[in-house]
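Residue numbers (this note's numbering), protein chains in the order written: chain A, 1 to 488; chain B, 1001 to 1228; chain C, 2001 to 2297; chain D, 3001 to 3119; chain E, 4001 to 4620.
Be careful, since some hints might not be right.
[As the list claims (entries may be wrong)] Listed below are several chain C residues computed to face chain E (Cβ distance under 7 angstroms; list not exhaustive):
no., residue
1, Ser2055
2, Gln2084
3, Leu2139
4, Leu2289
By construction, these hints were calculated from the structure, which means they are not laboratory data.
On a predicted model such as this, the values are computed, not experimentally measured, just so you know.
Even glycine gets a Cβ: it sits at the ideal position worked out from N, Cα and C.
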Amino acid sequence: MVNPVLLLAVPMGLAFTVPVIERITGRVSRWVPVAAMLFNLVLCVRLIPAVLEGPVIVQLGGFVPPFGINLYVGPLGLFFAGLIALAGLVISVYSLTYIRTGPLARYHMLYILLLVGATGVALTGDLFNLFVFFEILCISSYALVAYNGDRAGLESSVKYLIQGSVGSSMLLVGIGMLYGIFGTLNMADIARSVGMVDQGVLFVPLIFMLGGLGVEAAIFPMNAWLPDAHSSAPSSISAVLSGIAIEVGLYAVARMVFTVFGISDLFLFLAFLGVLTLLIGEMCAFAQSNIKRMLAYSSIGQIGLILFALAVASGVTVTGGLFQFVNHTFSKGLLFLSAGYLIYRSGSMEISSLQGMGRRMPLTSLAFTVGSFSLVGLPPFAGFPGKFLIVRGALERGGTVIVVLTGLVLLCTILEGAYFFRVVQALYFREGISGGSGERAPAAAAVAMILLMMLILALGAYPQFAETFLRSAASDLMGAVEHVGSVL
Amino acid sequence: MRVLLSLAVVAVLAAGIVTVLRDVPFGGNSSRLGSHFVENGREDTGAANIVTSVVLGYRGFDTLGEVTVLFVAAVGLGALLVAGEKNAPRKLEKASMVLTTGSRFLFPLILLFGAYIFIHGHLTPGGGFQGGAIIASGYLLVYLGSRDRRLGKNWAASIETGGGLTFVLLGLAGLTAAGHWFLSNFLPLGVPGQLLSAGIIPIIYVAIGLKVGVELTGVIDSLMGGTE
Amino acid sequence: MTKMIWYVLSPLIALVVGILLMGLSRKLLARIHWRVGPPILQPVIDLIRFLSQKSASHGFLFDSGLILSLAGSLVLTLFLPLGQYTPMSGSGGLLVILYVMLLGPLGIAFSSGGAANPYASIGISRKLMLAMGYELPLLLIVLTVMTGYRTISIVEVVRIQQAQGWAIATFPLLLSALAYILILPAILGMRPFEVVGAAQEISSGPVVEFGGPHLALSTLQHALTTYIGLSLFVNLMLGGGSNPVFFLLKMLVVFVLCLCVHAVFPRFRVDQAIRYLWRWPALVAMAGLVLTVLMGG
Amino acid sequence: MTFLNEYAFYIGAFGLILIGLLTILLRHHLIKLIIGLSIMETGINLFLIAIGYISRGTAPIFPVDGGAGTVMVDPVPQALVLTAIVIGVAVLAMALGMAIRLHGHYGTLDMRRIKELKW
Amino acid sequence: MTGVEIILAAAFAGALLTWFIGRTSSTAGSAFAVAVLLALTALVALLHGRVYETVFYRGFLGLPMSLRTDSLSWFFAMATTVLAALSGIFSLSYMKDRKNTGFFNTMLLLVNAAMLGVVFSGDLLSFFIFWEIMSWSTFLLISFNRGQGVNAGLKYIVMSLVGSMAMLVGIGWLLGAFGTLNIARLSELIPSASGGHQLVLLLLFGIAFGIKNAVMPLHTWLPDAYTEAPSPFTAVLSGMLTRMGIFGFLLILYVMAGAARVLHSPGSTVPTYNVVLAWLGAVTIVVPTFIAMLQNDAKRLLAWHGIGQGGYMILGMAFGTGMGLAGGIFHTLNHAIYIVLLFMSVGAVQHRTGGVRDLNSLGGLARKMPVAFIGALMGISGLIGVPLTNGFVSKWMIYRTLILGGAPFLAFAALIGSWGTILSVYKFLHNVFLGQLPSKYENVRSSPVSMKIPILVLSFAILLFGILPGLPLKVIDGIVVSFGLPSLDVSLWGIASEAGTLNTVNLFAALAVGVLVVLAFVRILGRSERVGQDSNYSAGCGVPRDRYNYTARYYDPLFRMISPYLKDFFSTLYDGLARGIGSLCEAVRMIYTGYVSSYVMYILLFISAMIFIHLTWNPW
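The following block holds chain A by itself, in its conformation from the complex (with noise of 0.2 angstroms):
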């Protein structure tokens, strides 16, 4: 059996040879984030039937939990290793030949690290690891966003930094609370051993923790950065942001809520700040005429979505939120690594530039297209399975507030669907406006989103292949005893 630790360690190693590789041959470098992320697909992979039999327990450096850190491989954390290996891969792919300009080995260097900070989050069972490797993201998607280093990108870089320290010091503080009282830094130790304590005082930390985790997760009041910052970006940083790292905040929110604390009285409060989130995102997207801040404000609503997912706590609303977890992932990836090249050819980032291109870059237009459709969730596309899930499960599990907010949470894909099929009308129906440069999608990028789109489709026409596994991570996440019981 391949040891899960080689998700985290061989990237990351990879990572650290890049300043050399560079001095040597500076072509090579841009290949490497594709050699890793390929290398962690296929160990995750690997990994699957493993995991289907029972969590796999990495005790790093040979000491038992809760002595030691430990990796908790379960379906929930090797889903999202895999999803963020996936597109991670694909962006990489993208990425090739999208950035041309700047030190592109750094770049390549904090794309991969990135990505590792990601896939430590959701791997790890240690809260201070976690925090460990929240940095390492946040530090690293810092120095992304502002790596064109224009105007945009610089101060949303700064907005980012200045909020995401705080964030990562309210969770800090949290943390330290946590310690303070339990003494112990493991997850599964605190899970365990909180019943014994006074529900009253684990909500203070409950709440930094909230709060700070919530900032990365673009949870409402914590969100002001992310449109900002995913805007400001370079497209494909876009992509990686929204499509891994502001999900590998809402699990780390999920992972405290539903193991470390394991409280339920929260569930709709947070259902509520899920639709809140939905909704002031949607609205928000809906005002925009500037493309990727449209799609950053996009994300954030599709949080919220997930958020109230997550909430509902059904095991079917908790598969749907996981489905669309890969559902965001898949199309707003594709939507930004189009968007992208949409912008490089029209040279602007409003709507209204983008005119006509559906003649000019049909791939590109086409992707767009496809991305759309399956984010407001219209079948045969990836999108549909998970809303249906969410939507289902919400009924099924029924009550006043739920299906009310089950009822906000559909007007809002009605708004959605008024914001993007504009976009795309815009790409098609309108006439085009002149201009821009002559530049075509390039290989890499069509490659790119060829494979996003298949996706998909894939995943729309058959979610039977991912539900299985999804339904194991979701029993995974909802678990918190049998988590215990498998670390300790």
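Could you slot chains B, C, D and E onto chain A? The hints should help.
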């Protein structure tokens, strides 16, 4: 208005903190982990400095992450500052002779001290990060003294790569050599308190020390207006 | 066998009666106006003259519309009870009658549309608007009758009336009858609703392009229209007739009454006409329908 | 007074955190915001250390002669603080680098004037 | 693979292939598209009389997806494919010289395939999936013409999404309550649900189907969509696609809720629902018909009639007797035939006049484009319901049901709607084909052959179904019987029942004899001479052309009277709503002020607010 709101927010935060800390009295730490580490740290990792045994033993993986964070920062800062338009060459006043001479004189001593700190990380207070920081301060001094001297880029790159790879490869070696766990301490632990003890810990600390030194130097370098 | 004869007799009687009524109207109108007036058979003389003339045609549409119109009106007479005789009693009842009534005006409309005369177009447009005006109350009335007697067959309606008394003498239907009387001049195209022909204004409107045999056909059609309008009223409201003679007598009475109104009133503008038709007759008819539903239910 | 005695470290630590937060909330200059962040980091580090303190404990380093029987403070928070400091340095370096570049673009570091991205 | 599966596979594969063939040659693509449509027609025809259900896919979230065919599905599928095939033929020349023909053909086939999927769905999940595919491909086609089409498409898809979401809730609820989405299973289970639940269910589905069928308060997408879509697609859209709403209503009311069991059981809320639906249908007949009168755009005028005619179907169907139901279904077919015919005629005129469809600037085209004129004439005859056209039969059935069912007010709405129809469609016919020919259209050529064929076929169908309504009514009777209602007494020439019969052949014979008699009369006695169109009027003098054409403001006196009352109130309401949401969104995004300290404040406010709530009320 804004001030009042801020104060109110902070006050509520403080109130929340107070409710928690009532249950966590100062000085009354009774962590199972802490006592376990103090009792077993030497046997488990071979390091006399229990903090080191935690940093590189029990929580070695954190440290790998930490190294990575610093690496990310150095790389990111480089990307950030190099990517932009070259800053206009600033007119730099030549350093005074006292500074120049002093820095030349002190630089090897500082390097030596830094090396001492990270080599003895498992025995005394200190370690790779601290040592690295000291080394970087030495370079800072050099930069102050003679404005145009820089750390060689090729050197820097190799040390960065080498340090990081050492850490990772040692971890991977642990995977295959002993215990089947990443970062297992597969070398003989030796007698706690001696220089050659604690297995892989000193090796890692040396790697970290060099790497951190180079990276922090790189950070200083970048912030001073990188030349590349 | 007698039934088969009525297939031929009904339209013939209708034509004859219609033409006679036209002649009568001119004579009577003249008498009311203190003029001598033409002989009663004047329309017949005119028809013979028209048919002997040669007319100008504008093509297939122009001809065929007129033919369709006349044929439709002739067929319609088969659906209307003439006394106790109704040749086509089993083919759809009142609803079919309402629809077949369309063929006449539509045929004329197509025919005059085949010509490019704006007067004709204006006339048709007025005709359709006026029809919209009186159809609203008329439909209410017909519905009231059908609801009141729980049948859609006009033969049944007549039968029930002869057994239980005329509709005009039954309470809720009385209102409908009243409304019907108010709109009858509009159906017959008489003043104050003579906006379609409006000889002084738009040169007789739809028929402006017709001459010779075409005009003869349109005259025949007009005669039939008059007959049909009266016949429907008599059948629906006055209990039809136990035999054709009574029936025709009732028609005559109604026609003379309408003629008196025609003789003394000026005519409305078309919008005035619609406003009128949609106000009082419609209200009364609606009241009749509401009461019928309430009392029947 | 006993309260103060017992909680003095906490009060100091959280005092720093809150001061840092107030700085971020109320100052406009980017460098001051970064200083606020640093103050906050320091406060958090102090807090972590304070949590690990055991009354009358010593540093958890065993002298060569064994040193058995001495009460040692919890080493874990110290390890955490080590990591946290490095992370703080990393963030600080990034922030300062951005401040340099930002000044190049905007000619100011007043955050009230650096808000082209909004809505 | 069973027949249904083959049909669906062929339909979707055909769409895909058309795309690739169209990439190489647009002519070949169009030809292939028509071939596919014809083949589908044949395949569907072969399915006649079969009743079965088959699971075709198990890969979707553990819910088996199935297809089924019965008389109802077959009826709708047949109508769909035939009309799509005719539209395909029509589009051969219509789309010939346009851009993106390949895209158009592909989407046309995709819409057709999705519609087939909808009618053949054996469970609600596949129903929903096909429904959505249908919606978005329709959206792409409506926007196809650019210009105003873009807004029309957006309006369509947004409203369509509203409906879909309502349906999704309904489906989710059903799945939660009964654990299955199979229609056959549900039809056994639903009647056992409580009345309130049934009502909610019907409401949710009703929103979806009501939007698709453009029932009155939900109709606002339709006029724009019909007007702006390319004419061949408008034909498909108006003919069958919109009527998928009717199919849905039939499915939910009769197949699933089970009319025979639920409709007349005491205490059930479904009858109330039906009454409301019927009244909505009545409103849908009257108001749009009168609004249609005010239109000056040929397609928009027809579009409003499309809404109005939908009201008849709803009315007949919702009333819940065998004959009303049959009338409603039959009217669906009839409406499809004549509205497709009308849109094709308009399309032909547009094709030849360079896209003109303004009623005020056309005229006298009957002699230039006789086939288009015949199409329009037959079409409006059907639309009005002139006896011996198909529209008459179905309307007669609906009226009769309403009158004898004791609903004279609904009947009145239906009847007055018909009379309003006469006014507006005569205006349409007159202003396009009759009256004076504007001189700029002197050289208009007759429509191309590929347009003539579908027009003539449909014209013939109108007469055929008008004179021999028994042909389709036999099938419809089968549907009615399959719903558990008593069979109608259908014969080839009409309906015989206890109170009121219809015999169209009699009528036809009488009319034919009448025409022959008059014709003979004219032949024997009359003589006429062919003269120019305006020779009489101008007494042979040259008149200034285009000056004496009475087409503009055709019903002006009437308009001035009624137009103040005929505002499309709901459209205004929805537009206002959309604007309101727009400004609300604009307002909401102002919270992102760009000032970083405020953002930090948000974060801390969240944390402190939670702590405050915790400390004050301790609700958790």
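Status of the hints after comparison with the structure:
no.	hint	verdict
1	Ser2055	holds, 5 angstroms
2	Gln2084	violated, 20 angstroms
3	Leu2139	holds, 5 angstroms
4	Leu2289	holds, 6 angstroms
Of the numbered hints given earlier, the model fails hint 2 alone.
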